[in-house]
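As they're listed, the protein sequences go chains X and L.
Residues in the first sequence are numbered consecutively from 1, following our numbering.
Residues in the second sequence are numbered consecutively from 1, following our numbering.
None of these hints come from the bench; they were simulated from the model.
No experiment lies behind these values; they were computed from the predicted model shown.
Each residue gets a CB set at the ideal place from its N, CA and C atoms; glycine is no exception.
You may find that some hints are simply not true.
Said to hold, decoys possible - Keeping only pairs whose Cα atoms sit at most 27 Å apart, straight-line, the calculated DSS-like set for lysine-lysine is: (1) K84(X) x K293(L); (2) K293(X) x K131(X); (3) K41(L) x K53(L); (4) K53(X) x K41(X); (5) K93(L) x K93(X); (6) K292(X) x K58(L); (7) K93(L) x K293(X); (8) K292(L) x K202(X); (9) K107(L) x K131(L); (10) K208(L) x K84(X); (11) K41(X) x K202(X); (12) K84(L) x K202(X); (13) K58(L) x K93(L); (14) K41(L) x K107(L); (15) K208(L) x K41(L); (16) K131(L) x K93(L); (17) K93(X) x K107(X); (18) K202(X) x K131(L); (19) K107(X) x K53(X); (20) K292(X) x K131(L); (21) K202(L) x K131(X); (22) K352(X) x K41(X); (23) K41(L) x K292(L); (24) K41(X) x K93(X); (25) K131(L) x K53(L); (26) K62(L) x K84(L); (27) K58(L) x K208(X); (28) K293(X) x K202(L).
To be verified - Not everything, but these chain X residues come out facing chain L in the computed CB check (under 7 Å): (29) A29; (30) V65; (31) P235; (32) T248; (33) P275; (34) L276; (35) G338.
Number of protein chains: 2
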Amino acid sequence: MSSLKDHTQAGSERVVISVDAMGGDSGPATVVAGISHSAEKNPRLHFLLHGPKAELEKLVAKRQVLAGRCEIRDADGIVSMEDKPSQVMRHGKGTSMWSTLEAVRNKEAEVAVSCGNTGALMALSMVRLRKLPGVDRPAIAILWPSRNPQGFNVMLDVGADVRADARDLLQYALMGASYARNGLELTRPRIGLLNVGTETHKGGAELKEAFELIQNHAESGGFDFVGFVEGGDIPGNRCDVIVTDGFTGNIALKTGEGTASLIGELLREAFAYSPLSRLASLLALTSLRRLKKRIDPRRVNGGVFLGLNGTVVKSHGGADETGVSAAVKLAFELADSGFSDRLAARVASTAKRAQDGDTEGDGQKDSKAS
Amino acid sequence: MSSLKDHTQAGSERVVISVDAMGGDSGPATVVAGISHSAEKNPRLHFLLHGPKAELEKLVAKRQVLAGRCEIRDADGIVSMEDKPSQVMRHGKGTSMWSTLEAVRNKEAEVAVSCGNTGALMALSMVRLRKLPGVDRPAIAILWPSRNPQGFNVMLDVGADVRADARDLLQYALMGASYARNGLELTRPRIGLLNVGTETHKGGAELKEAFELIQNHAESGGFDFVGFVEGGDIPGNRCDVIVTDGFTGNIALKTGEGTASLIGELLREAFAYSPLSRLASLLALTSLRRLKKRIDPRRVNGGVFLGLNGTVVKSHGGADETGVSAAVKLAFELADSGFSDRLAARVASTAKRAQDGDTEGDGQKDSKAS
Chain X
1 MSSLKDHTQA
11 GSERVVISVD
21 AMGGDSGPAT
31 VVAGISHSAE
41 KNPRLHFLLH
51 GPKAELEKLV
61 AKRQVLAGRC
71 EIRDADGIVS
81 MEDKPSQVMR
91 HGKGTSMWST
101 LEAVRNKEAE
111 VAVSCGNTGA
121 LMALSMVRLR
131 KLPGVDRPAI
141 AILWPSRNPQ
151 GFNVMLDVGA
161 DVRADARDLL
171 QYALMGASYA
181 RNGLELTRPR
191 IGLLNVGTET
201 HKGGAELKEA
211 FELIQNHAES
221 GGFDFVGFVE
231 GGDIPGNRCD
241 VIVTDGFTGN
251 IALKTGEGTA
261 SLIGELLREA
271 FAYSPLSRLA
281 SLLALTSLRR
291 LKKRIDPRRV
301 NGGVFLGLNG
311 TVVKSHGGAD
321 ETGVSAAVKL
331 AFELADSGFS
341 DRLAARVAST
351 AKRAQDGDTE
361 GDGQKDSKAS
Chain L
1 MSSLKDHTQA
11 GSERVVISVD
21 AMGGDSGPAT
31 VVAGISHSAE
41 KNPRLHFLLH
51 GPKAELEKLV
61 AKRQVLAGRC
71 EIRDADGIVS
81 MEDKPSQVMR
91 HGKGTSMWST
101 LEAVRNKEAE
111 VAVSCGNTGA
121 LMALSMVRLR
131 KLPGVDRPAI
141 AILWPSRNPQ
151 GFNVMLDVGA
161 DVRADARDLL
171 QYALMGASYA
181 RNGLELTRPR
191 IGLLNVGTET
201 HKGGAELKEA
211 FELIQNHAES
221 GGFDFVGFVE
231 GGDIPGNRCD
241 VIVTDGFTGN
251 IALKTGEGTA
261 SLIGELLREA
271 FAYSPLSRLA
281 SLLALTSLRR
291 LKKRIDPRRV
301 NGGVFLGLNG
311 TVVKSHGGAD
321 ETGVSAAVKL
331 AFELADSGFS
341 DRLAARVAST
351 AKRAQDGDTE
361 GDGQKDSKAS
């Protein structure tokens, strides 16, 4: 299992995804069910599956669709949700998470998928995959249901690092634009910088500096910069990519999830209230399912680690079969578009341009390329 | 109209609210409609209404319920949504906003209500009412629909200042606890400090320092400290008061509002989709109205400015009659409970205790008082 997909023959050859079978809340059976579901839908998918060999072999043998498409890599150690990132960084060798990343490092797979401990996964990814040249702080990007035609916005960073200076925010803009081009098929994504108001005088000095940096790199970065955006624009249609530091992004993400989940609960209560409302919920079942599908976090499962030599998709720890399958689908799309290489090229070119003091040059040439 | 309510006779005497008739998006007619609505519901309410006299007299004359209960204070100037806070601070004299705050400053009214420009209102409030002794940064607190029995959580700061150091966050905890006691009738509110994880090692140095400060003042402050909370806890039931800096709080607030509004839109679309779903929405009308009422931002309209000599309720700029009435109701409750004085006493006592180096003393005595 050594052939990576060949970009010149896109659309036919196999795509290999490296999958951590352990570490999720519901165990390897759910992960295997998820990748089986993906395999049924997409004949080009192949897997490297990492975890205790004996256990995984039994699970995989039950799935006819995985026959010949899923190689098991034995790894006995498991990174738990309680393990501290610093510990895992030092003693993580031999775990399924380590093995999963190793396959990307060795170019046996282009994208890794894990449901495990986010902090540990980011720490191990930094150590094993290393940061891209020109990137100081990798970021985690997520897709957020929005009013945009594509149905989603990209937001980053949602928690790789609690801090981010102006240069980091510029890198996030470049990486987010690249992700939107390859993951959402937007030729020229619109970037917004998250702030407490849209007026240019709002926010602290760091944000003003980031504003100018991002504005100056819009042409060469192949994106449009819409300026400051507010929390209400995260699910809106003013921009396609929301750039912020990991502290703010993480709070916004969890606030949005919490709000959606509260409304969902209250909606269920409302429909269960009377015989009439129960009848109504039956009549509206199809419409409500469509709505649920639209905003179901399992359908957009997967934070993507950006800024590393290789792409890592972090699936929700509590992901069920549908969630794992959604993460695999995202991994496939990114692998198939050659995302990792394109992102690396984009960041390297901008870093070089910035170093040369040329903030706005002949970047137009490759605007559509990465 | 000089008699402020006498706390010893709570429940019968009149309560005077100072209301800015101008500055809202929909003009003075909406404000007058809103206070009329409140006046109908609550016979104890009296108003000082600020704005252009001739215009207001006509509007008030049409409302029988306001006869003898609404004194108009002539003020020709209007602070617009576009005015910069710094400008308003220097040249705001003669505006309806200035006049509204002046009535609180002169103790003619205990609480001020305005739909105007938030930044300008905060700037003017700082200048005219002055900060409470012991408070470095006033804060804006809002009520957030939650899973708690009281139906709401308090969150502050949501945008008075983008920065907050550890001591500011302690003040926010004290002020938020006082607000929850007087506004939500919680004897011993549970305070949470917003962070990207609940583990004590998460977040930056400032947050760790704030964690210890707040923990050390829990007994004397008359609240329980539940430690770090996450974005998902804002609409949750882990705590009653969420403490954070104004940057993060503002982003969380707008993200939550935006998410709720997107779901509302998608829900309406879902119900309009087919004849069957339209029938369902008719059958479920009562239940859906109940749900809407529960999470309708107009029902909890009013950010409260805390940490000043006097309380200011900031109603949403786009508030309609229902929204204005909700803000007046909140102002009444705070005035009726003697909130301003209690808050001042609480902050002063803690500031003194901290100055004396006594972080945990005999504060139990007055725990229930403010």
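A quick look at each hint next to the structure:
This hinted pair does not check out: K84(X) and K293(L) have alpha carbons roughly 43 Å apart, beyond 27 Å. Restraint check: the Cα-Cα separation between K293(X) and K131(X) comes to about 35 Å, which exceeds 27 Å; the hinted pair is violated. Taking the CA atoms of K41(L) and K53(L), the gap is about 25 Å. The hint holds against a cut of 27 Å. For the hint pairing K53(X) with K41(X), the CA-to-CA distance comes to about 25 Å; that is within 27 Å, so the pair holds.
Using a Cα cut-off of 27 Å, the hinted pair K93(L) and K93(X) is violated, with the two alpha carbons roughly 69 Å apart. Restraint check: the Cα-Cα separation between K292(X) and K58(L) comes to about 50 Å, which exceeds 27 Å; the hinted pair is violated. Proximity of K93(L) to K293(X) is assessed by CA-CA distance (about 54 Å); at most 27 Å being required, the pair is judged violated. Distance restraint check for K292(L) and K202(X): the Cα-Cα separation of roughly 33 Å exceeds the 27 Å cut-off, and the hinted pair is therefore not satisfied.
Of the pairs offered as hints, the one joining K107(L) and K131(L) holds, with about 16 Å between alpha carbons and a cut-off of 27 Å not exceeded. The hinted pair formed by K208(L) and K84(X) meets the criterion: a straight-line CA distance of about 18 Å does not exceed 27 Å. As the CA atoms of K41(X) and K202(X) are separated by approximately 48 Å, the hinted pair breaks the 27 Å bound. Taking the CA atoms of K84(L) and K202(X), the gap is about 11 Å. The hint holds against a cut of 27 Å.
A hinted pair counts as satisfied when its Cα atoms are at most 27 Å apart, and K58(L) with K93(L) qualifies at roughly 24 Å. For the given pair, K41(L) sits about 25 Å from K107(L) by alpha-carbon distance, which is consistent with the 27 Å threshold. With a C-alpha separation of about 46 Å, the suggested pair K208(L) and K41(L) falls outside the 27 Å cut-off, and the hint is violated. Distance restraint check for K131(L) and K93(L): the Cα-Cα separation of roughly 19 Å lies within the 27 Å cut-off, and the hinted pair is therefore satisfied.
Restraint check for K93(X) and K107(X): the C-alpha separation of about 18 Å stays at or below 27 Å, so the hint holds. About 23 Å separates the Cα atoms of K202(X) and K131(L), which keeps this hinted pair within 27 Å; it holds. Of the supplied pair hints, the one linking K107(X) and K53(X) holds, its CA atoms being roughly 22 Å apart against a limit of 27 Å. With a CA separation close to 47 Å, the supplied pair K292(X) and K131(L) exceeds the 27 Å bound.
For the given pair, K202(L) sits about 23 Å from K131(X) by alpha-carbon distance, which is consistent with the 27 Å threshold. A threshold of 27 Å between alpha carbons decides the hint, and for K352(X) with K41(X) the separation of about 41 Å lies outside it, so the pair is violated. Under the criterion of a C-alpha separation no larger than 27 Å, the hint pairing K41(L) with K292(L) is consistent with the structure, at around 22 Å. A hinted pair counts as satisfied when its Cα atoms are at most 27 Å apart, and K41(X) with K93(X) does not qualify at roughly 33 Å.
The suggested pairing of K131(L) with K53(L) is violated, with an alpha-carbon distance near 31 Å, which exceeds 27 Å. Only pairs whose Cα atoms come within 27 Å are accepted, and K62(L) paired with K84(L) is rejected, the gap being roughly 34 Å. A C-alpha spacing of about 47 Å is found between K58(L) and K208(X), which places the hinted pair above 27 Å, so the restraint is violated. Restraint check for K293(X) and K202(L): not satisfied, since their Cα atoms lie roughly 33 Å apart, outside the 27 Å limit.
With a cut of 7 Å, the hint placing A29(X) at the interface with chain L is violated, because the nearest CB-to-CB distance is about 27 Å. With 7 Å as the threshold, the beta carbon of V65(X) stays out of range of chain L, its nearest partner Cβ sitting at about 34 Å, so the hint is violated. At its closest, the beta carbon of P235(X) sits 4 Å from a beta carbon of chain L; the interface hint therefore holds under the 7 Å criterion. For T248(X), the suggested interface contact is upheld, since its CB lies about 6 Å from the closest CB of chain L, less than 7 Å.
The interface hint given for P275(X) is violated, since its Cβ lies 10 Å from the closest Cβ of chain L, which is over the 7 Å cut-off. Below 7 Å, beta-carbon pairs count as interface contacts, and L276(X) has one with chain L at about 5 Å; its hint therefore holds. The beta carbon of G338(X) comes no nearer than 32 Å to any beta carbon in chain L, farther than 7 Å, and the hint placing it at the interface is violated.
In the structure shown, a violation is registered for the earlier hints numbered 1, 2, 5, 6, 7, 8, 11, 15, 20, 22, 24, 25, 26, 27, 28, 29, 30, 33, 35, in ascending order.
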